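Could you put together the complete structure from these sequences and hints?
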Amino acid sequence: MSMPFYVSPEQVMADKAEYARKGIARGKSSVTLEYDAGVLLMAENPSTLSKIGEIYDRVAFAGVGKFSEFDQLRKVGVRYADVKGYGYSREDVRAKALANAYSQAVGDIFTRELKPLEVEMLVAEVGDDNLAGHEKNAIYRVQFDGSISDHEGFCVIGGAAEELNNFLTSAYQVGLPLGEAARLGRSALQRAADGEPRVPPENLEVCLLERARPGRKFNRLSTEQVKELLGE
Amino acid sequence: MRALDGERGGGQLRFGGRYSGSSFSELLDVDYAHLRPDMGRFSERDWKALSIPHGTTVLSFKFRDGVVMAGDRLATEGHRVASRDIQKVYATDGHSFVAIAGAAGPAIEMAKLLRVELEHYEKIEGESLELEGKANKLSQMIRQNLPMAMQGMVVVPLFAGYDLRRNAGRLWKYDVTGGRYEETEFEATGSGGLYASESLKKAYEPSLSRADSLRIAVQALTDAADEDRATGGVDLERGIYPNISFATKLGIERASDTEMDEVYRDIMARRRNGSGAPR
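Residue numbers (the numbering used here), protein chains in the order written: chain A, 1 to 232; chain B, 1001 to 1279.
Take the hints with a grain of salt, since some may be wrong.
What the hints assert, rightly or not - Below, in silico cross-link-like pairs of lysine-lysine (BS3-like), each with a Cα-Cα straight-line distance of 27 Å or less:
(1) A/K75 <-> B/K1137
(2) A/K75 <-> B/K1112
(3) A/K75 <-> A/K22
(4) A/K66 <-> A/K16
(5) B/K1112 <-> A/K96
As the list claims (entries may be wrong) - If you want the ones that stay clear, here's a sample from chain B, every Cβ over 10 Å from chain A, calculated:
(6) I1052
(7) K1112
(8) L1113
(9) G1126
(10) E1183
(11) S1191
(12) S1197
(13) D1226
(14) R1229
(15) D1257
What the hints assert, rightly or not - Some, not all, of what chain B presents toward chain A, calculated at C-beta under 7 Å:
(16) L1035
(17) V1116
(18) V1154
If you are wondering where the hints come from, they were derived from the structure by calculation, not from laboratory data.
Note that the coordinates shown come from a computational prediction; the quantities given were computed from them, not determined experimentally.
Cβ coordinates follow ideal geometry from the N, Cα and C atoms, glycine included.
Structure below.
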């Protein structure tokens, strides 16, 4: 019987983390910003396959990295939310619980499976003025190893996340109107687009969680609407 | 993604589950059976002996800009009033709605499930079902209810909506077996459905405006309430008005109580002074 080579747990984790980071860095980043009337989710995405999706009335999802993996996680999130909302009430579906569930599932895969998920996810929730205790927006980021963090104002996920989060720390202001938030989001994405001077509106996927919209607050913007928003 | 497939968190979280399609009701059947009690197993029970609230008259017809759906607000348990202000018209998504008649409990649950079903499909697939597909889904739900229907828990809804591909309003009626029949003009169902139909027949034209549509809808419900004791009509004393909604290209819009109040008072005034013939 042959003995397997001993590899220290530290080494295994470091290798997996490096593998996941490399995979995520190959893709483009995604920016989420709070604006005065909701939450704006934005991704550089020239394809028709969506990186941003609706989860529930007030909750949206954004993913970066390997499409097949984060899209499956998005669907799992929709199932989780719909079952919860059907079994309890629509108000019981919250971003926090979902982000925690993601964190558990992704973290589990990171430790147990040979191949970690090459994804990073963001779960955003827009506040509801008519729901006492739920007035504030919430943004959660879940990384490939299951680590979870909450963010106020803005959050970038993807390969250039650190650099862009630094950029937004200095450039972001509370209470931006939608148009300005969209321009700020694009200028952040442009920094990540290597060598490209500007990201054309056709290559932007923009979705909103609109505070004032009744019922389902998710709204995907068409290219025309994005152009109008950016003032082009 | 194997680790996502198993049960985890002691069955509490069940992040993932076994089902991977885009139908919510199938998801419940496969992974969350406890949320779908199989009422068929109570089939030995005679439901008629139990007193269960029933919803009564609902109607739908096409008009110039789309389709109208209307329902009275009364639910009865035998000869008793169960509720005076039950809701019978439910928006199932941005351009479609369902009106329920029959056993109120299963009917309301069916409307709720249909709404989640359509929404779920839209979110998973990234695009919404065709109107025909939505109508067909409701057929299947009614068919699943058949064992209950055999015991008297009959659910016979109307489904209607604005078909964005064909640019037209469309409506369907159903029978207890899930049989689905597309109607070209109008349809009414429930205990006062016959009277409502008769009233609509006299006043109906395909080119009705929104205002005229509202008028004949209120009129038909008033006539049904007049002849059928289980239909509510307008209750001025308590300020309870029917549910009347319009589906057009722009989406779903509900008629306000103020509008219905005006229309109803006008209809009654005309009837009193002898000029009460329909329109």
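In rising order, the numbers of the hints this structure does not comply with: 7, 8, 9, 18
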